[in-house]
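Read top to bottom, the protein sequences are chains B and F. The first sequence begins at 1 in my numbering and counts up one residue at a time. The second sequence begins at 1 in my numbering and counts up one residue at a time.
In short, the hints are calculated from the structure, not lab data. Keep in mind that a hint or two might mislead.
[As the list claims (entries may be wrong)] Computed list of lysine-lysine pairs in DSS-like fashion (alpha-carbon distance at most 30 Å, straight line):
no.	chain 1	residue 1	chain 2	residue 2
1	B	Lys-156	B	Lys-4
2	B	Lys-149	B	Lys-6
3	F	Lys-8	B	Lys-146
4	B	Lys-149	F	Lys-54
5	B	Lys-156	B	Lys-6
6	B	Lys-6	F	Lys-36
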Amino acid sequence: MDVKEKELVARVLAGDSTAFEPLVLPYRRTLFGLAYKMTGNREDALEVSQETLLRAFRYLGKCDLERGFRNWLLQILVNAARDFGGKRGREAGRAGDSFLDSAVSDAPRPEEAHDRGEIRGRVLEAMSVLSSREREVFILRDLEEKSIKETVEITKSSAISVRVNLSRARGKLRIRLAELGLALTENAR
Amino acid sequence: MSRRTEEKTFLDRMKDVLSEQKEDFTEAEWNAAIRKAVTGGEPARPRRTAVVFKPVFAYGLAVLLVGVAVLFGVRRFPWLVPAVENRPAVSADRAAAEAGQMEIIRPIDPLIDPAAWYAQANKGQSSKPTAGDVPTLTWISQETGLQIVWFVNDNLDMED
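Start from the sequences, fold in the hints, and give me the full structure.
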């Protein structure tokens, strides 16, 4: 954590709540983007990222200043997304593992996916086959390019678990994308 | 294309597709989220006291566990603790004084008629044994093997 962040954290903890926004502002897009990839739609992403900010403010005193604010924030986001996914799943009367399913159920069919935005929608839909753990690991490691160590820290799981879930996620995605007609290899470009 | 290259291409393509995503808070959403977060509650202070007390709790728990383990061990494995004499201490002169008056009481054989046994035990005494059944109570010490038999006389006084 840099000096500026430490100062901002100290100010917030001292009761200066105006220091909270400059503290989280550099992660605004990261937060929302990650929440979007995890939930698959804008409304849910907004709810998850709002909850993340709320928890970050409330539990700021527990942040380990030596380990870094960014990963701590992402850890909260992952937990918030898990909780949200569980809640969604319970509300829908399902296992609660893949709330992405409902988010993309009204997306257009593969043959209608003309532009890149729709391809992105297909990719997000393909990600709905992943379990919450697989999705988290895949997003953090492959899309956000976090190291295994960082992914372990953020998801609070073991390195073996991260590797296994990552491997499964890649395999499942490849199969699902092929089913959707999106191989995403050189030939598919 | 090797599997590794194919995998890399696949992941690059995934990143490429998803990185185009320009999703972000609107200004109004961002401001509302910050306001909601800040008004949601006081931020938790660092728990310095918890850090101070942690070793104390750990030591206390350790002592408690050792105590429980010792208690458990004594109850479960009594041979771990030295045996304690369960008999009262008797001074040598008192023991000698009582030696002459003491009478060896033999364990009663359940096959022997208690009345006959009573008669034998009181041989030479002036009082006659009571005819009929003689109620007795037998106490056997599990530790020393000592057996004490009480006979109930006519007045229902216990005599050993």
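Hints versus structure:
1. Lys-156(B) - Lys-4(B): holds (27 Å)
2. Lys-149(B) - Lys-6(B): Distance ~23 Å between Lys-149(B) and Lys-6(B) Cα, so the pair holds.
3. Lys-8(F) - Lys-146(B): holds (16 Å)
4. Lys-149(B) - Lys-54(F): holds (28 Å)
5. Lys-156(B) - Lys-6(B): holds (23 Å)
6. Lys-6(B) - Lys-36(F): holds (23 Å)
Every hint from the earlier list agrees with this structure, and none is contradicted.
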